[in-house]
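Asker: Here the structure of chain Y is known, so what remains is to put chain S in place on it, guided by the hints.
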Amino acid sequence: MLKFCLKNMDILFSQSAKGVICQYQFYLERRQLFLLTKHANNSYSSLSVSTHGAFSLLRFSHAKMLKCWKCGVEKEAIKEVFCSKCNFIQEPHDTKNFFQLFDIKESFDIDTKLLTNSYRRLQNIIHPDKFSNKSSEEKNISQEYSSLINRAYNTLQLPLNRALHILQLKGEKIDEDQKVVDTEFLMKIMEINEEIENAENPEQLKMLNEQNKRVISEICKKISICFKNNDIEEAKRYIVQLKYYNSISHHVNGILRTRGIVD
Amino acid sequence: MALSSPSKFMNIVQRLKLPAAFYHPKVIDHYENPRNVGSLDKSDENVGTGLVGAPACGDVMKLQIKVDENGKIVDAKFKTFGCGSAIASSSLATEWVKGKTVDEALSIKNTDIAKELSLPPVKLHCSMLAEDAIKAALSDYRIKQKSRTKNE
Numbered sequence: 001m002l003k004f005c006l007k008n009m010d011i012l013f014s015q016s017a018k019g020v021i022c023q024y025q026f027y028l029e030r031r032q033l034f035l036l037t038k039h040a041n042n043s044y045s046s047l048s049v050s051t052h053g054a055f056s057l058l059r060f061s062h063a064k065m066l067k068c069w070k071c072g073v074e075k076e077a078i079k080e081v082f083c084s085k086c087n088f089i090q091e092p093h094d095t096k097n098f099f100q101l102f103d104i105k106e107s108f109d110i111d112t113k114l115l116t117n118s119y120r121r122l123q124n125i126i127h128p129d130k131f132s133n134k135s136s137e138e139k140n141i142s143q144e145y146s147s148l149i150n151r152a153y154n155t156l157q158l159p160l161n162r163a164l165h166i167l168q169l170k171g172e173k174i175d176e177d178q179k180v181v182d183t184e185f186l187m188k189i190m191e192i193n194e195e196i197e198n199a200e201n202p203e204q205l206k207m208l209n210e211q212n213k214r215v216i217s218e219i220c221k222k223i224s225i226c227f228k229n230n231d232i233e234e235a236k237r238y239i240v241q242l243k244y245y246n247s248i249s250h251h252v253n254g255i256l257r258t259r260g261i262v263d
Numbered sequence: 001m002a003l004s005s006p007s008k009f010m011n012i013v014q015r016l017k018l019p020a021a022f023y024h025p026k027v028i029d030h031y032e033n034p035r036n037v038g039s040l041d042k043s044d045e046n047v048g049t050g051l052v053g054a055p056a057c058g059d060v061m062k063l064q065i066k067v068d069e070n071g072k073i074v075d076a077k078f079k080t081f082g083c084g085s086a087i088a089s090s091s092l093a094t095e096w097v098k099g100k101t102v103d104e105a106l107s108i109k110n111t112d113i114a115k116e117l118s119l120p121p122v123k124l125h126c127s128m129l130a131e132d133a134i135k136a137a138l139s140d141y142r143i144k145q146k147s148r149t150k151n152e
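Sequence lines, in order, name chains Y and S. The numbering of the first sequence is the numbering used here, which starts it at 1 and goes up by one. The numbering of the second sequence is the numbering used here, which starts it at 1 and goes up by one.
Wrong hints could be hidden among the right ones.
[What the hints assert, rightly or not] Over 10 Å on every C-beta distance to chain S, these chain Y residues come out as not near it, computed from the model: (1) Gly72; (2) Val81; (3) Lys113; (4) Glu138; (5) Asn140; (6) Met190; (7) Lys206; (8) Asp231; (9) Ile232; (10) Lys243; (11) Thr258.
[Unchecked claim] Straight-line alpha carbon distances no greater than 20 Å define the calculated SDA-like cross-link-like pairs of lysine to any residue that follow: (12) Lys188/Y <-> Lys42/S; (13) Lys173/Y <-> Asn246/Y; (14) Lys188/Y <-> Ala136/S.
Hints in this document: simulated from the structure, not taken from any laboratory. All C-beta atoms, glycine included, are put in the ideal place defined by N, C-alpha and C.
Pulled out of the complex, with its shape left as it was, chain Y reads as follows (with noise of 0.2 Å):
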């Protein structure tokens, strides 16, 4: 494979219009190969191979410098947010996938005590406020630091976008123009927001609400199991589903608070 890979660079770095390479090597992060380069103006970049040996110019991030910007002492590990040397902050070692982040496992059924642990010590870490008094070069870091992290956040908290970002991860999506040829499905979705239109009572609305959460965990379940299996294509069409059932829990919850009813 590495053959390959070498086989393949010149192509590669034509296309990435970055000049003369200077030095380039392999490494392995959680059974990923990577390849990182060293350019002729001392950037580097690294970008992920995939198992079939081709190259994925999607994760080419010039960002992910291994060198400290302010010291340039070559980071020990390319997941520091401080300099071992010299305690500057570091740019994010990761802009794209939002497991890497914050360091856990890529999956759709995440531990989200896990998630929300890791949010917090790195949100504690990299807060603006903390750079108050420092440099403008660290505010600007922290500040896309801290950003990139809630954005983040917020995605891998909710079942359906995280779906989502597991599926742009593996460059998949679900297409705007995609039709919906399932008439009964769609005439259940019909029915139940109908349902929740003309209930009259805040018990029915609370009760109508109670029965979309547990579909939703129903879906979730199958998702994660296509997600294990690696059907894409069923995991889209669960993903599908969940948006509807998603509107619907948006439906039933506007009403709830524009009627003044909470739990």
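Answerer: Quick look at chain S alone, frame taken from chain Y:
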């Protein structure tokens, strides 16, 4: 940049109020006073029902037409659970199909709906959904008519 003067602050406040202005007045009009909301009898032979959904946003739209013996659409009803643009698109669609013949109704394009409502690019799929709903309702009606002539 710091908020050094009250006028700057007001500027931002006014900008924050803007979201309502992202929708064209026609969309807001259809959203607030939707035309032809409701249902027609699904089992009626002269009624065609179209039920479509947009997987990207989880919207669901039902559009029904009632056709008289001359092939003219005499009534249309819709029910949409979704965003303002989807509601406005389907509301407008029912207005437009009324009084048209089945063939004329087929010629309604999503681009016409989008143009009339000045939909932004991100909302174009709502007008596409409305076009699909019209087509689905018309094809449902045609299937019903075909099976009726067969039975006769």
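Asker: Work down the list of hints and note, for each, if the structure agrees.
Answerer: Hint-by-hint comparison with the structure:
{"no.": "1", "hint": "Gly72", "in the structure": "33 Å, holds"}
{"no.": "2", "hint": "Val81", "in the structure": "29 Å, holds"}
{"no.": "3", "hint": "Lys113", "in the structure": "29 Å, holds"}
{"no.": "4", "hint": "Glu138", "in the structure": "20 Å, holds"}
{"no.": "5", "hint": "Asn140", "in the structure": "15 Å, holds"}
{"no.": "6", "hint": "Met190", "in the structure": "6 Å, violated"}
{"no.": "7", "hint": "Lys206", "in the structure": "19 Å, holds"}
{"no.": "8", "hint": "Asp231", "in the structure": "18 Å, holds"}
{"no.": "9", "hint": "Ile232", "in the structure": "15 Å, holds"}
{"no.": "10", "hint": "Lys243", "in the structure": "4 Å, violated"}
{"no.": "11", "hint": "Thr258", "in the structure": "15 Å, holds"}
{"no.": "12", "hint": "Lys188/Y <-> Lys42/S", "in the structure": "15 Å, holds"}
{"no.": "13", "hint": "Lys173/Y <-> Asn246/Y", "in the structure": "17 Å, holds"}
{"no.": "14", "hint": "Lys188/Y <-> Ala136/S", "in the structure": "17 Å, holds"}
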